[in-house]
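Peer 1: Here are the chains, one letter per residue:
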Amino acid sequence: MPWDRNQMAARAAQELEDGMYVNLGIGIPTLVANYVGDKDITLQSENGMLGMGPFPFEGEEDPDLINAGKQTITELNRTAYFDSAQSFGMIRGGKIAAAILGAMEVSEKGDLANWMIPGKLVKGMGGAMDLVAGVGRVIVVMDHTNKHGVSKVLKECTLPLTGKSVVDLIITNLGVLEVGHKGLHILECADGVTHDDIRAATEATIV
Amino acid sequence: MKKVYANATEALEGVLRDDMLIAAGGFGLCGIPELLLQAIKESGVKDLTFASNNAGVDDFGIGILLQTKQVKKMISSYVGENAEFMRQYLSGELELEFNPQGTLAERMRAAGCGIPGFYTKTGVGTVIAEGKEHKDFNGETYILEEGIFADLSIVKAWKADETGNLIFRKTARNFNPPAAMCGKLCVAEVEEIVPTGSLDPDKIHLPGIYVHRLIQGDHEKRIEQRTTRQREEA
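Chains A and H are the protein sequences, given in the same order.
The first sequence begins at 755 in our numbering and counts up by one.
The second sequence begins at 69 in our numbering and counts up by one.
No lab work stands behind these hints: they were computed from the structure.
If you're wondering where the values come from, they're calculated on a predicted model, not measured in any experiment.
Hints may contain errors.
To be verified - Subject to a maximum C-alpha distance of 30 Å in a straight line, what follows is the list of computed DSS-like cross-link-like pairs (lysine-lysine):
1. H/203 x A/918
2. H/137 x H/114
3. H/271 x A/849
4. H/141 x H/200
5. A/874 x H/137
6. A/936 x H/203
7. H/140 x A/874
8. H/289 x A/877
9. A/877 x A/918
10. A/877 x H/71
11. A/793 x H/238
12. H/70 x H/109
13. A/849 x H/141
14. H/141 x A/877
15. H/114 x A/877
16. H/141 x A/874
17. H/140 x H/200
18. A/849 x H/203
With the hints as constraints, model all of the structure from the sequences given.
Peer 2: Below, the structure is given as structure tokens:
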């Protein structure tokens with residue numbers, strides 16, 4: 755059985771180590787916060803916060819306290835606030851250990867496309883280009899294929915890039931792949947999924 | 069020098085003109101200078117360029133100036149929540165320059181610090197890098213980005229004293245400090261102006277040197293995405 759969204763998020767959480775400062779993207783990456791367990795992880799929200807807490811209880815929403823997805827959130831006892839220039843200073847400066855992001859396409863060289871489909875409505879890259887260029891490790895969490903069954907793990911991305919040679923690890927519903935110098939390495943298969951299944955669903959070079 | 073003005077319209081008197089570049093603070097609808105935007109709308113100035121992370125929603129934030137077609141160009145990182153914006157952009161009425169969010173913040177901060185350009189890895193190998201100078205440092209490639217020197221800065225803070233020292237609240241700080249720094253003239257709107265001497269000097273987020281005019285007013289502070297969790301049963 756391929757992994758579901760929650761299983762993919764739980765697998766991504768295993769990549770996080772005690773003491774890390776981490777930025778989580780929108781979608782499945784947000785679910786990773788549910789699976790960090792006892793590890794001491796500090797979440798960064800790029801609109802200017804370290805130590806992001808859970809959603810507020812009803813009636814306790816604060817318009818001055820939102821995450822990068824513009825959702826109301828809460829603070830923790832460790833929380834620190836800062837402005838956008840400092841926020842991206844710590845991102846660009848390599849202080850954030852890892853970013854876990856969704857993707858439309860990833861290439862075998864670690865190129866990432868996740869912000870724009872030509873001819874469709876373009877909303878903007880937000881902080882994604884800064885994150886992939888700056889953080890220590892970029893972990894992509896996404897379905898292995900699109901809804902037509904076509905591989906999203908490619909030799910070359912077809913969509914405009916968010917970053918070139920930036921992805922370190924790809925976690926899909928089929929398994930875990932590492933970006934190496936000569937191609938991708940399969941590190942792990944989802945329960946009941948074989949190496950051959952992953953190879954068959956992947957356009958990129960697997961070594 | 070008196071910095072405190074009675075209202076947004078008076079604070080903008082003699083400042084606004086057609087075709088100017090305005091840097092605005094805010095992230096989504098959080099910490100936006102809503103009173104100053106309303107006053108800019110009422111002034112009727114047009115062909116404005118805004119450097120602002122987002123473009124508001126249809127009826128709030130910069131969105132109200134899109135409704136009246138006072139905006140010529142946006143320099144932003146994300147504009148997803150605004151239908152009128154998309155309509156004007158797709159029909160060619162509105163110019164849009166996408167900047168990565170951190171590059172936009174740094175372009176403002178840099179200009180405010182007298183730095184006309186800086187090198188960043190952000191965007192290397194993407195459409196953002198096209199036409200920009202590339203330079204290698206220690207074996208890595210960077211691109212040159214330029215400071216945004218705005219004609220006017222409009223920002224929102226939580227508290228100010230009468231000399232313009234500002235304190236922000238939680239994530240409403242966001243783009244406000246860098247936006248305030250990059251303009252020739254900065255107008256700040258706050259929820260409360262307190263007498264000079266009543267703020268702790270160690271708690272000032274943005275020194276009043278960056279703030280030239282100041283108003284106090286009531287803010288709607290609209291929430292864009294209201295998300296909550298259930299209380300666990302006792």
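Peer 1: Look at each hint and say if it fits the structure.
Peer 2: Hints versus structure:
1. H/203 x A/918: Holds, at roughly 16 Å.
2. H/137 x H/114: With a Cα-Cα distance of about 7 Å, the restraint between residue 137 of chain H and residue 114 of chain H holds, given a limit of 30 Å.
3. H/271 x A/849: holds, 25 Å
4. H/141 x H/200: Distance ~20 Å between residue 141 of chain H and residue 200 of chain H Cα, so the pair holds.
5. A/874 x H/137: Holds: residue 874 of chain A and residue 137 of chain H sit about 24 Å apart, inside 30 Å.
6. A/936 x H/203: Within the cut-off at roughly 27 Å; holds.
7. H/140 x A/874: Answer holds: residue 140 of chain H to residue 874 of chain A is near 22 Å, not above 30 Å.
8. H/289 x A/877: holds, 23 Å
9. A/877 x A/918: holds, 20 Å
10. A/877 x H/71: violated, 38 Å
11. A/793 x H/238: Measuring from Cα to Cα gives roughly 25 Å; hence the hint holds.
12. H/70 x H/109: holds, 25 Å
13. A/849 x H/141: Cα-Cα ~34 Å, so violated.
14. H/141 x A/877: holds, 15 Å
15. H/114 x A/877: Since the Cα atoms of residue 114 of chain H and residue 877 of chain A sit roughly 24 Å apart, the hinted pair holds (cutoff 30 Å).
16. H/141 x A/874: holds, 20 Å
17. H/140 x H/200: holds, 24 Å
18. A/849 x H/203: Since the Cα atoms of residue 849 of chain A and residue 203 of chain H sit roughly 23 Å apart, the hinted pair holds (cutoff 30 Å).
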